[in-house]
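Asks: Residue numbers (the working numbering), protein chains in the order written: chain A, 1 to 245; chain B, 246 to 534; chain C, 535 to 868.
It is worth saying that the hints were derived from the structure and are not from the lab.
The structure displayed is predicted, hence computed values, not measured ones.
Every residue gets a Cβ at the ideal spot worked out from N, C-alpha and C, and that includes glycine.
Treat the hints with care, as some may be off.
Said to hold, decoys possible - Restraint-style ranges between C-beta atoms, simulated for each label pair:
no.: 1; chain 1: A; residue 1: Asn70; chain 2: B; residue 2: Arg527; range: 19 to 27 Å
no.: 2; chain 1: B; residue 1: Gly364; chain 2: C; residue 2: Met619; range: 56 to 64 Å
no.: 3; chain 1: C; residue 1: Ile780; chain 2: B; residue 2: Gly364; range: 22 to 30 Å
Said to hold, decoys possible - What the simulated footprint calls covered on chain C by chain B, stretch by stretch (three residues with Cβ under 8 Å from a Cβ of chain B suffice, anywhere in the stretch; the number is not a length):
no.: 4; segment: 586 to 593
no.: 5; segment: 659 to 671
no.: 6; segment: 841 to 847
Unchecked claim - Non-contacting residues of chain C with respect to chain A, defined by C-beta distances greater than 10 Å in every case (computed):
no.: 7; residue: Asn682
no.: 8; residue: Val700
no.: 9; residue: Glu729
no.: 10; residue: Leu745
no.: 11; residue: Cys750
no.: 12; residue: Val752
no.: 13; residue: Leu755
no.: 14; residue: Arg864
These are the residues of each chain, in order.
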Amino acid sequence: MTEPLLQVKGLSKRFGGFVALDNVDLAVNPGERVGLIGPNGSGKSTLVNCICGTLHNETGSVTFAGERMNGLIAHERTRRGLARSFQLPRPFMSMSVADNIRVPLLYTVAARVGHHVSKAEADARCMELLKLVALDAKAARSPRDLTQVEMRKLELARAMAAEPKLLMADESMAGLSHSEVEDIVQLLLRLNERGITIIMIEHIMRAVMSFSQRLVVLVSGRKIADGKPDEVIKDREVIGAYLGQ
Amino acid sequence: MDINLLINAIIAGLLLGGFYAAVTAGISISFGMLDIVNIAHPAFILLGSYIAYSLNVGLGIDPIAASILMLPAFYALGAFVYQVYYVSFEKYGQESLRGLAFFFGLLFVTEVILLLIFGVDYRSVNAAYIGSSLSVGPMEFPLRLLVPCVVALAMFAGLELFLSRTFIGRAVMAVSQDPTALRLMSVDPTRIKRIAFAISIATASMAGAILIVIQPVIPSVGRDYIGRIFAICVLGGLGSLPGTLIAALLLGVIESITSVFYGPSWAPAVSFGILLLTLAVRPSGLLGR
Amino acid sequence: MRTPVFVLLEIIAGAALFLILRAVNNDYLFFAGYTVLQFIVLSTAWNILGGYCGYVNFGSAGFFALGVYTSVFLYTVNQNLEELMPEWLLPLMQAIFPLPMPALILLGGIVAGLVGLGTGYLTLRLRGVFFAIATLALAVVLQTFVVNWSFVGGSRGAYVIPPGTVPILGPYIQYLFLLMLLLVILSLTCARLIERSRLGYGFATIRDDELAAEACGVPTLRLKLIATVLSGALMGMAGAPFPYYIGYVEPGSAFDLSYAVNSIAMPMIGGTTWWAGPMLGAVLLGTLQQIATVTISSAVNLLIVGLLLIGFVIAAPDGIIGLWHTWTSRRSKP
């Protein structure tokens, strides 16, 4: 039995009097495709923020690849292979598209291999990633010149540039058209084929169902379901709290 | 230690603290609630001082009364400044660096203009209550501190009532927490912010008049107050008017005691020292959100 | 262009400037030129933290004055060696003191750098706004300490008497000018190196979106500290020769707010994203100020600087360089 890649135990997070996450447990195995769903305000993004270190959780632990993450700041977690993309794309506006991809290469990958990545190597990796998301034609352009779906892809490509073991894709498809959603799902599937464990946080059920091997449901900060997608969507509590809406 | 000296130092500190609260009230609104770092606020206060001075010397009007007359003008000035700030920066979400530089430039330009018009001589005002004191037992209440303190606290209380009781006041408190909700109530957040900022500048008018009653001024006096204002704001907790009052009184007393027992040349370090300490230890302040 | 080539070009340009001024042989030009060079160092230093990282430092005067007063302190120590030093240390101290100017510059830089490290460590974890206010606080606290420290002259000020002449060069001011020229070369090289290195990318991500930077693996606190220390140290180095330049130092002039305004206005007017932007702003604004001070008045001069700062911040936030870029890209579009 393989050790879970990511082990979240008893995670709780409060904002003043408001309980955003209540004793959440989550285990994700290497190579798995997990879908995380739940109504707005259920704490999905908060969970992502706590796991990757942007927010501090009051109680509970996050263990990644056998190492406790408590106390580690965000960039240290990224360096250990835990990456996330942002719900609203946050590209570095003053740089070109290619340079956006370069940053995680220069900082995360270099830190991991222990030496600087040479210019030639960085350029090659950038282009490879850009080709993967079909943005290589716009490599020298500013992120301002990108369409919505292209910004989402850039966001994912940038997270990928850190060569993560686990990627948390936070609502990368909101507001996209049918074919654009399909585009992103295919991209994530291709990434998973390369061995990257993926947690997809989404509202678009069609995408979640076609992508996930396992489905986790979060409602009002608590996990109410965790299992095979076909079984979870038939769960009464899940239907009542979320799907029935 | 002379107990009399200590008691009077504390009293002077409390009276001064009341004044500091009025001076800071404006920033409590613009920085604490609107997130606009208006470091030019002391310059507006000085502007208020000099206008009150001119009216006092020219027309013989009591400085504090003069400042009340000037409230609409300062309100309009505040609305204008906010409009420039909004159109240039806030709309594009570029506040940080450029907004700070903008207000810093404003602080500097205002100070220099006042310097050019009024020169480097200290200016002070004449009012009936300057010079005499109210004595209660061993305690001395200099009127030149007492009257401004009372006026300052009245203004402060008025502001607090406005924010908690009137619709616009509550909209101001709401805009800092949830602009979307405001929009859903068909209230334009930008208009509310403009009103709030204009009010904060209007408070500078009265604060300026009070200042020149308490002490003679030259244009660079504004800079001493930058530290005090932000120290009080941060110590009290951003966005909390009651916190501002407590912090202001605290600062006033500490400064007064330092001044009396260690010498007045250490006073500027007190406020900034408190600021640095608070930022390092408890950035959310005493009563912060 | 590779860095060693760049440095060589800088040295050639600097040497040429120096030799031309020597040929003209007007001491005033050296005095005025020194001020402009000083501004180039200050604004380039400011820009490393302000323009590249997006963290505004209002306390340039404080870091500058740390260099100034380190020099004043060591000068006063030198004047009073017999009273201050114990018997057994005296011969050694008399051999070391007076410290040569380059040593003073180095020490000024170290002191300012350490203070920058301390301040940064306390406040860089907070929002950029609080850092800016803290730098203002720092300048005032430092000024208050100096005012109350009679050893360096307190509020009365301190006289520093420079040597009249220097071997080979002649007038002492030319020696100071040369040293400041070297500091200019140092700071410009630093800025340009950063811009083209991994550090430059890191700084830019901090400016653009710190949260996303962290998520990409950028150690933001460490980088901000590096920027603060570098920026502060350069400012301190610029301050070290100042007492010897001006002869009489008092806290009011050493901590003058105009240093803060100028070190912000010059990069913003020249352009904050390019290493040469602050230099451009410093030369333009510095020269303008010299002219205005002499022809109109120093107060009006400051007014002009303030108005230009506001104007550029509103209308041309990328400075003159930015305007030039926009103008050239418009022309190249069909």
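Asks: What are the numbers of the hints the structure violates, in ascending order?
Replies: 2, 10, 11, 12 and 13
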